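Enquirer: One-letter residues, chain by chain:
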Amino acid sequence: MEGKRERRSSQIELLRKIKEFTRGLVDDLRNGRSPVILIYRFRSYCTDFNSKCYCGSDLPCGKEVLTLCSESHVRRLDVMLRVLLIIRQLLQENKHSSKRDIYYMHPSVFLDQSAVDRALNDICVLMECSRHNLNVVSAGKGLVMGWIRFFEGERIFDCISSPNKAYPVPVHVEEVRDIISVAHFILVVEKESVFQRLANDQFCNASRCIVLTGRGYPDVPTRRFLRLLVDQLHIPAFCLVDCDPYGFDILTTYRFGSMQMAYDTKYLRVPELRWLGAFPSDAEKFYVPKHCLLSLTAEDKRRIEAMRLRCYLKSEVPEWRLELELMLQKGVKFEIEAFSARTLSFLSETYLPSKIQDELKVMHLIAESDRGKKSTLFVLEGRIPWEHCRLV
Amino acid sequence: MEFSSVNTLCFHLISSAFQRCRLSEQICRLSVILNSSSSSRHPSVQISISDTGIGSCLKEFQDLKFSWGGITENWDGMLRVNTTSISDTEVYNYQISLKENRSSRRINRLPSHQKNGAKFSGTEVLLSFVESLDILLAGVHSFLQKMLILRIPNIAIQLVAEDCDVPGSRYEKVFLANKSMQSPILALNLEHLKSGFEQYILTHGNSLNSECSSCFPSWEHLKVGSGRACCTENELVMEAVIVISDISKDDNTCLRESGDKTEVLYFKDFSPSTIPQSSMKAMKSVHWRKYGLNLVGIAQQDGCALLEWENLPKDTHIYIVLHSYHQQYPTVIRTPGKKFQMDRNLVKRSIKLSLDDLKEKHAGALLSARATKICSYAPDLGKTIAGLILTSNDLEFQGECLSLLGLQSQGVEAEIVENRIKERIVSVIEMNDKKDQKTREAAPFLFDDNRLREEEFQEIDEEEDYDMMALED
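Each protein sequence line maps, in turn, to chains P and B.
Using this note's numbering, read the first sequence as starting at 32 and increasing by one per residue.
Using this note's numbering, read the second sequence as starting at 16 and increasing by one per residue.
Keep in mind that the hints were calculated from the coordinates and are not lab data.
Be careful, since some hints might not be right.
The calculated DSBU-like cross-link candidates involving lysine-lysine, where the alpha carbons are at most 30 Å apart (straight line), are [as the list claims (entries may be wrong)]: (1) K450(B) to K329(B); (2) K83(P) to K332(P); (3) K392(P) to K297(P); (4) K94(P) to K329(B); (5) K130(P) to K388(B); (6) K83(P) to K94(P); (7) K50(P) to K83(P); (8) K297(P) to K83(P); (9) K388(B) to K450(B); (10) K94(P) to K388(B); (11) K94(P) to K48(P); (12) K388(B) to K354(B); (13) K388(B) to K50(P); (14) K329(B) to K449(B); (15) K449(B) to K94(P).
According to the in silico footprint, chain P covers these stretches of chain B (three or more CB under 8 Å from chain P) [as the list claims (entries may be wrong)]: (16) 92-100; (17) 385-392; (18) 395-405; (19) 433-442.
Computed from a predicted model, the values in this text were never measured in an experiment.
Even glycine gets a Cβ: it sits at the ideal position worked out from N, Cα and C.
Input sequences plus hints: build the corresponding full structure.
Expert: Here it is as C-alpha cells:
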C-alpha cells in the first residue's frame with residue numbers, strides 16, 4: 032500500500048517531470064521549432080479477430096503527435112497545459128481536486144467536461160502516472176457494505192459492525208490500510224437499487240461477503256478499491272449486472288478496464304472477476320415473468336454486435352461471448368429487479384445463493400484440475416453454509 | 016488589333032508611342048496635343064501623338080483594324096504617320112486609311128524630309144475626328160494618369176489641349192514618372208510598377224500631388240508583394256503587384272469609391288486596358304484561402320475587376336495591379352485558344368508569387384485561415400506556459416526558462432513573459448504556414464522546363480476551380 036512517504040516521493044517525481052516538459056516547450060520555442068508532443072495511445076481491446084493482438088500486454092498501440100501545425104492539436108494542447116498548470120498547483124500545495132472542479136476553473140475554454148477528462152488522460156500518459164497521482168480524485172460514487180473494516184488515512188470504515196449499512200467507497204484508495212475482513216467473497220452489483228435490495232434483505236448477514244457497487248459505470252476509486260480488495264483478501268469476486276448491453280459493458284469495464292483509461296488498465300482491471308449473472312438463460316431458468324422481458328432495440332443490437340467483436344472476449348472469456356450471442360439470438364433483455372417480480376427476497380434468498388453455489392463449484396473444479404488431484408466439495412445442496420465456502 | 020471607337024484607337028496609339036519611348040532606353044518625350052476649333056461648323060479635334068522613341072515599323076499600322084458600325088461620320092479613317100529611326104537620313108511620311116480592309120490596305124508614302132545629318136528618332140501620328148475636346152481631354156488625362164503607375168522612368172509625357180478660337184484656353188500638363196524616383200532607369204519593369212502603384216495608392220489614384228497624409232501617415236507601412244511569371248515560348252510576361260494597407264476608416268475622410276472591395280487595375284502592353292475574361296477566371300481560381308482571404312464575389316466595372324472579400328479586417332484594404340506585356344515589339348499574337356489558357360495561368364502564377372512575396376516580407380501578413388485560427392490560441396498558450404514557469408516554486412527552473420526566453424530572471428513581469436512566449440509561438444506558426452505552402456508547391460517546379468510548368472498550371476487550375484464552384488454559383 033502506498034503510504035504518505037511514497038505519495039510525497041511520487042509528487043516530487045511528477046513535479047520534476049512537469050518542469051522537464053515545460054523546459055522542453057520553452058527550448059523548442061526559443062529555437063523557432065514547433066514543440067512536438069508524443070502521446071502514446073493505449074487500448075483495452077481491439078476488434079481485429081484475424082491478427083494476433085497485444086491488447087492485454089499493456090503496451091502502447093501507437094502514438095499521437097501534437098504540434099502547432101493543426102488547430103485541433105493546438106486546442107488540445109491549450110486545454111492540456113491549462114489542466115497541467117492546475118495540477119502543478121495541486122501537487123505543490125498538496126491539495127486534491129475533482130475533475131469537475133478543474134472543469135469549472137475555465138468552463139468557457141474547456142467547453143465540455145470531456146475535454147478535461149481527455150487532458151487528464153493525456154497528462155497521465157505523458158507523465159507515466161495514474162490519475163490519482165495527479166491529486167485528481169472523483170467525489171466518490173461507489174458504495175460498500177459487508178464484513179470488512181479498514182482505514183483511509185485516519186478515517187475508519189467500520190462496515191463490519193453493521194454489515195448491511197452502506198458506506199462510501201474511499202476516494203484516496205492509496206491511503207487505505209489495515210484491512211480486516213472475514214468475508215468469503217466479494218459481490219459487485221451494477222446498480223444502487225440492487226445494492227439497497229440486498230441491504231434491506233440483510234444479505235450480508237446471511238452471506239459473509241462484501242457487497243460493492245459503482246452505481247452504473249464504475250468510477251476510478253471503485254475500480255481501484257475492488258482491485259485492492261481482490262489483491263489483499265484473495266477471495267472470489269463476482270459481478271451481478273442487468274442482462275442487457277449496458278450491464279455487460281459495465282461488467283467488462285470492471286474486468287478488463289475502459290478504453291478511455293486504457294493506459295492505466297493494469298492498475299484498474301480485475302481479471303479475477305467472475306460474471307455471476309444475469310445471463311440470458313436465467314430468464315427461463317428462474318422463471319422471469321414474460322412482461323419483464325423487453326425486446327432489444329436496434330441500438331441494443333448494434334452495441335451487442337460491436338461488443339462481441341472485442342478481442343478479450345474471444346481470447347479470455349469465450350463463454351461470455353456465447354452468452355452475448357444468446358442475448359442477441361433471443362432478442363430480449365431484462366433487469367436484475369425482474370427477479371423480484373414474484374417475491375422481493377427472491378434475489379437474495381434464491382437467485383444469488385444458487386448462482387454463487389454454481390460458481391463456487393466451477394471454481395473448485397478448476398482449482399482441483401489445476402492441482403491435478405480430486406477434492407470433495409464443501410458445498411451442499413439447499414442452503415449454503417457460507418463459512419465453509421472459502422476456497423484457498 | 017480591332018477597335019470600336021476612335022477614342023480607344025487614340026489610347027492605343029498613345030500606348031504604342033509609349034512603347035517606342037520605353038524601348039529607346041533613352042530620355043524620351045511623348046506629347047499628346049489636342050487642338051480644336053469651336054467656331055467651325057463641324058467641331059473636330061486634331062490629335063497629334065508624337066514621341067522621341069525608336070522609329071515606328073509600319074507593321075503596327077498595317078495590322079490595325081477598326082469596326083466601322085455606326086461611327087463613319089465621326090472620322091474619315093485617315094492616319095498620317097511621320098517617322099524616322101536613328102539610323103535614317105530622312106523622316107518618312109505616310110498616309111494610311113483604316114477604312115480599307117487590312118488585306119488590301121495600302122500605305123501611301125508621301126514626300127519625305129531630309130534630316131540634314133541630324134541624329135534623332137521619333138514618330139508623330141496625326142488624326143482628326145469629330146469629338147468634344149473636353150470629353151477627349153478628360154479621357155486622355157485619365158489614361159495618362161493611369162500610365163504613371165507603370166512609372167517607366169525615362170519618359171516624360173506632355174498633354175496639351177487648346178481651342179484655337181478661345182484665347183487662353185490652352186491646357187498643359189506634364190506627367191513625369193520619375194518624380195521622387197526610387198528605382199533606377201534600367202531596373203526591371205516590375206520594380207517600376209511596384210513603385211508607381213504605391214504612389215498611385217498613396218495619392219488616391221494619382222489625383223493628389225503628394226501622399227495623402229490623413230490616410231497614410233506612415234506610408235512605409237504599406238505591405239507590398241510582387242510577382243512575375245513569364246512564358247519563354249512567346250516572351251509573354253505577367254507582372255502583379257499586391258498592396259495591403261491598414262487604414263483606420265473611422266477618422267478617414269477619403270472614402271474610396273470601391274469601398275472595401277479590391278479594384279484590380281489591368282495593363283496590357285504598357286497601357287491601361289480592360290481586364291480580359293481569362294484574367295477574371297484566373298483570379299477566381301486563385302487559392303486565396305491559403306492566404307487567409309475569402310473571395311466571395313468578382314465583377315467587372317469600368318474595365319477593372321472588383322473583388323469582394325468576406326471577413327476582411329475592418330481597416331484592411333487590398334490593392335492589385337496586373338500588367339501583361341510581350342517582351343517583343345511589336346507584339347506577336349498567338350492563337351486565341353491557347354493564349355486564353357496561357358494568360359490565365361500566368362495571372363494565377365503572378366498573383367500567387369506576389370502573395371508569397373508579401374507574406375515572406377511581412378511577418379503576420381496573409382496567414383492562411385488555418386494559421387490565423389491557430390494563432391488565436393497563442394495568447395492563451397503564452398499565458399499558461401508563463402504560468403508554468405512563474406508559479407513554480409523552483410527558482411532555478413524559473414531562471415533557466417527565463418534565460419532561454421532571453422529575459423532577466425529578476426523581477427520580470429508576468430505580462431512580459433507571456434508576450435515573449437506568445438511572440439515565439441506566433442513566429443513558429445507563421446514559419447510553419449510558409450513552410451507548408453512551400454512543401455506543397457515544391458514538387459511542380461522540380462524541373463525548370465516551360466512545357467512542364469504549363470502542364471502543372473493546368474493541373475492546379477483544375478484542382479482549384481473545384482474550390483471556386485460555390486463562388487460561381
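Enquirer: Next, verify each hint and record whether it holds.
Expert: Each hint tested on the structure:
1. K450(B) to K329(B): 28 Å, holds
2. K83(P) to K332(P): Status holds; Cα separation ~27 Å.
3. K392(P) to K297(P): Roughly 28 Å separates the two Cα atoms, so the pair holds.
4. K94(P) to K329(B): Answer violated: K94(P) to K329(B) is near 42 Å, above 30 Å.
5. K130(P) to K388(B): 28 Å, holds
6. K83(P) to K94(P): Distance of about 20 Å is within 30 Å: holds.
7. K50(P) to K83(P): 39 Å, violated
8. K297(P) to K83(P): Roughly 20 Å separates the two Cα atoms, so the pair holds.
9. K388(B) to K450(B): 17 Å, holds
10. K94(P) to K388(B): 25 Å, holds
11. K94(P) to K48(P): 19 Å, holds
12. K388(B) to K354(B): Given that 30 Å is the threshold and the Cα spacing comes to 39 Å, the pair is violated.
13. K388(B) to K50(P): Since the Cα atoms of K388(B) and K50(P) sit roughly 28 Å apart, the hinted pair holds (cutoff 30 Å).
14. K329(B) to K449(B): 25 Å, holds
15. K449(B) to K94(P): Measuring from Cα to Cα gives roughly 27 Å; hence the hint holds.
16. 92-100: violated (count 0)
17. 385-392: With 4 residues closer than 8 Å to chain P, the region 385-392 of chain B meets the three-residue bar; holds.
18. 395-405: holds (count 7)
19. 433-442: With 4 residues in contact (Cβ-Cβ under 8 Å with chain P), the coverage given for the region 433-442 of chain B holds.
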